[in-house]
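Visitor: Sequence:
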Amino acid sequence: MLKKAKPSNRDTVMRIATALFLEKGYQVTSMDEIVAESKVSKTNIYYHFKSKEELLTAIVNQMIGHYNQIIDEIVLKTHLSVTERIGEFTVLLSERQPNCLGGCPFLTIYVQTSHESDSVREVIGRFFQNQIITLENLLQEGIAKKEFNAHLPVSQIAALIVSTIEGGLFLQHTIEDSTLLPNILQALAFMLK
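Take 860 as the starting number for the sequence shown in my numbering and just add one per residue.
Keep in mind that the hints were calculated from the coordinates and are not lab data.
Straight-line distance between alpha carbons at most 30 angstroms, and here's what the computed BS3-like set of lysine-lysine pairs gives:
{"id": "1", "residue 1": "898", "residue 2": "909"}
{"id": "2", "residue 1": "911", "residue 2": "901"}
{"id": "3", "residue 1": "898", "residue 2": "911"}
{"id": "4", "residue 1": "865", "residue 2": "901"}
{"id": "5", "residue 1": "1052", "residue 2": "936"}
{"id": "6", "residue 1": "901", "residue 2": "883"}
{"id": "7", "residue 1": "1052", "residue 2": "1004"}
{"id": "8", "residue 1": "883", "residue 2": "909"}
{"id": "9", "residue 1": "909", "residue 2": "865"}
{"id": "10", "residue 1": "898", "residue 2": "863"}
{"id": "11", "residue 1": "883", "residue 2": "911"}
{"id": "12", "residue 1": "898", "residue 2": "883"}
{"id": "13", "residue 1": "936", "residue 2": "1004"}
{"id": "14", "residue 1": "863", "residue 2": "901"}
{"id": "15", "residue 1": "1052", "residue 2": "1005"}
{"id": "16", "residue 1": "865", "residue 2": "898"}
{"id": "17", "residue 1": "911", "residue 2": "865"}
{"id": "18", "residue 1": "936", "residue 2": "1005"}
{"id": "19", "residue 1": "865", "residue 2": "883"}
What follows is a list of derived Cβ distance ranges for each label pair:
{"id": "20", "residue 1": "1015", "residue 2": "984", "range": "15 to 21 angstroms"}
{"id": "21", "residue 1": "890", "residue 2": "920", "range": "15 to 21 angstroms"}
{"id": "22", "residue 1": "940", "residue 2": "1038", "range": "24 to 30 angstroms"}
No residue lacks a Cβ here, since even glycine has one placed at the ideal position from N, Cα and C.
Hey, can you work out the whole structure from these sequences and the hints?
Guide: Printed below as a string of structure tokens:
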């Protein structure tokens, strides 16, 4: 029987810090709390991450890498219609959300750190911009395949989809109504036809 490899101290710290930043908040989570929860010494944490902001940057980059990999896999499913791929895209962004303060992990981190961390703000901004570009490409493909109305304003609709998902996640979280976002997404799909 193969033994499961024990996660590295770096991975353990990132997992624990991610949960703390998203559930409690970046500002109120101290490095001492991360030490206590992770059982990794402060010296070892600072060996991997020179500061709390560097740890946050690594976490955001890891989250973005994870989402981008799945988004790329969805886009490459050319055996599916564009409508189905956009549906999978919206499900990814709306259902794979960890427990966090603002409903969306990127929104949660952005709101908490945007005034302090230019690098985190820029990375999250690029992530959302790339989502819009991906959706623009899918919408163009859908128009070419006659799945969507040829007169759709592609850039605006792509931005609307991302905005709707992010705003819907926030509203769904704040008013505690799990049906809100699926209902909004159904209405959005209807509008694309």
